[in-house]
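Chemist: These are the residues of each chain, in order.
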Amino acid sequence: MSRHHIAWIWVSLASVLLLVFMWWNYSPPTQFPDKPQLLQEMNDSLNEYGTSDQVAEIQKVIQADRRHVAVPYISEEGDYGMSFWIWGKWKWELISLESNGEPKLWMIDRNDPTSYFLTWNIAPEIGAEKLNAYIIRRRDYGMADGKNFYSPRVQMSKEIEVAEESFGAIPLPSTWQEVLQSTIRLDETETFSWFDGYSTAAMQFEFGWNALDGSGKSVSPEVFFKSPQYSYGSSDFQFMTMIDERELE
Amino acid sequence: MIIQFIRGVNEINEYGSFDFLSNLLTVLAWGVIAYLAYRMYRKNPVQQVGWKAFLVLLTGITSFSITWMMASTVIRIAVLPLGVWVLYFFLKRKEGRWERYRKFAWLGFGANYIFLLSVLVASSIGHFVYPADHAETFVSDVKEASILSVHPNGSEKAALNVKVLNSELQKLKQSQVYDGTWYEYTFVQEKARYERFPYLLLDAKPKWGSGVRSTIYVEKDGKGLLIQTPSESLYFRSTQSFVVGGDEK
Numbered sequence: 001m002s003r004h005h006i007a008w009i010w011v012s013l014a015s016v017l018l019l020v021f022m023w024w025n026y027s028p029p030t031q032f033p034d035k036p037q038l039l040q041e042m043n044d045s046l047n048e049y050g051t052s053d054q055v056a057e058i059q060k061v062i063q064a065d066r067r068h069v070a071v072p073y074i075s076e077e078g079d080y081g082m083s084f085w086i087w088g089k090w091k092w093e094l095i096s097l098e099s100n101g102e103p104k105l106w107m108i109d110r111n112d113p114t115s116y117f118l119t120w121n122i123a124p125e126i127g128a129e130k131l132n133a134y135i136i137r138r139r140d141y142g143m144a145d146g147k148n149f150y151s152p153r154v155q156m157s158k159e160i161e162v163a164e165e166s167f168g169a170i171p172l173p174s175t176w177q178e179v180l181q182s183t184i185r186l187d188e189t190e191t192f193s194w195f196d197g198y199s200t201a202a203m204q205f206e207f208g209w210n211a212l213d214g215s216g217k218s219v220s221p222e223v224f225f226k227s228p229q230y231s232y233g234s235s236d237f238q239f240m241t242m243i244d245e246r247e248l249e
Numbered sequence: 001m002i003i004q005f006i007r008g009v010n011e012i013n014e015y016g017s018f019d020f021l022s023n024l025l026t027v028l029a030w031g032v033i034a035y036l037a038y039r040m041y042r043k044n045p046v047q048q049v050g051w052k053a054f055l056v057l058l059t060g061i062t063s064f065s066i067t068w069m070m071a072s073t074v075i076r077i078a079v080l081p082l083g084v085w086v087l088y089f090f091l092k093r094k095e096g097r098w099e100r101y102r103k104f105a106w107l108g109f110g111a112n113y114i115f116l117l118s119v120l121v122a123s124s125i126g127h128f129v130y131p132a133d134h135a136e137t138f139v140s141d142v143k144e145a146s147i148l149s150v151h152p153n154g155s156e157k158a159a160l161n162v163k164v165l166n167s168e169l170q171k172l173k174q175s176q177v178y179d180g181t182w183y184e185y186t187f188v189q190e191k192a193r194y195e196r197f198p199y200l201l202l203d204a205k206p207k208w209g210s211g212v213r214s215t216i217y218v219e220k221d222g223k224g225l226l227i228q229t230p231s232e233s234l235y236f237r238s239t240q241s242f243v244v245g246g247d248e249k
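As you go down the protein sequences, you meet chains A and B in turn. Going left to right, the first sequence walks through residues 1 to 249 as my numbering numbers them. Going left to right, the second sequence walks through residues 1 to 249 as my numbering numbers them.
For reference, chain A alone in the conformation it holds in the complex (with noise of 0.2 Å):
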């Protein structure tokens, strides 16, 4: 065989290990499994985990992105739950299961905003019509280094309506994206992209909801979500803490 000819079947042989390489990490999402599937596996995770509790009923299923999708559902105990599923290698993997559906920040990559998606699954019964979601940072001055210096309180709401549909999953407001972002940037230069840390700007936010009847009223906390039966799967989840409106501006 000449050399020309090997270097040919090194060259091709090197493209098809890209190919499959390029396949493995980055091929597209397969159809969603639907509903029976999903309860299936679902099922199957919570008998792992040694739960009695069971799926009874699918809500709904939300497609967060083309990568992540948020399955709210009832449990038999009724429970009002949320699942979280992404593409993973070759399947669609289900992440994370809580039986509590209060709301939540999903954070798929905690440095960039434009991932976080709110979730929330409440229970119909108790009326809520409204849920009032925040972005808060609380003011902060002081003196530094001999110089005095001030940060801003930041708080911003979204109103989510849950008189129809008790449950969602959407993108971060796009103002609230603006203003983690801005912060982030400010970050000290050592800390390098590729170190996974999470912004420590970012943690200054707190992220918190209340819900509003059909009066306006608020909701008591007490109505919601007793204790949280279980929570299995990953970590990239915030709970978003209640807040009275007392607390707010």
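Some hints here could point you the wrong way.
Cut-off 30 Å, straight-line C-alpha distance, at most; resulting in silico cross-link-like pairs (DSS-like, lysine-lysine) [to be verified]:
#1 A:K147 <-> B:K94
#2 B:K173 <-> A:K158
#3 A:K147 <-> B:K223
#4 A:K158 <-> B:K157
#5 B:K207 <-> B:K173
#6 A:K147 <-> B:K173
Since the hints were derived computationally from the structure, they do not count as laboratory data.
Add chain B to chain A, keeping to what the hints say.
Modeler: What follows is chain B alone, placed relative to chain A:
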């Protein structure tokens, strides 16, 4: 250095600004090192192999150093010549080899001080070209700028008057951050729920080549800018309001 280069490219992409002076001086520092190495090599080209000398030089740079931040400049003083030690143990195994390459190893260690010098020079020139007490250093190009209300105290309808801001930029006066009146407004008149800086300034570009990063808030009356840098808060006042549609006061 490769990391620094990548970071530089990153900065241009993300913030539309890069640190021209320190990049320029880094290049100069490398130039000086290359020149010194070349002179050493030319003195006795038969004795050593060029690419080996180059590797020795690069290894020699490795050192244990003391690092700290001084006025938002990272100062790094090399203390222990780790790379030189490694080279010594490795090279001395062959008779006369260490003696031939020694100077390149030490030049590598010395390069740390050339870099240190370049950092100091860049930062001291930087203080003149990009003074921290001029708002223009941080806000220089406002053609695409806008404001975003980030507190209920700001008006959703408020908009930035780019023309006025542009003409006021050179005339902005630095003023005291967080004096008594701020405190009084925010806390003594507690029910007012007052935030002095309810707007975030978006898409304003810093002075070309400054590489400064900041988050900028606009005062409620439209006449002040609060500029937060990674190390301090700065406050500038103008005589004219550059916000329209925000209810003043």
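Chemist: Take the hints in turn and mark each one as holding or not.
Modeler: Evaluated hints:
This hinted pair does not check out: A:K147 and B:K94 have alpha carbons roughly 58 Å apart, beyond 30 Å. For a cut-off of 30 Å, the pair hint linking B:K173 to A:K158 is broken: about 36 Å separates their Cα positions. A C-alpha spacing of about 22 Å is found between A:K147 and B:K223, which places the hinted pair at or below 30 Å, so the restraint holds. Our distance criterion of 30 Å between C-alpha atoms is met by A:K158 and B:K157, whose separation comes to about 17 Å.
The suggested pairing of B:K207 with B:K173 holds, with an alpha-carbon distance near 17 Å, which does not exceed 30 Å. Annotation: proposed proximity of A:K147 to B:K173 holds, straight-line Cα distance about 17 Å (limit 30 Å).
Against the hints set out earlier in the document, violations occur for numbers 1 and 2.
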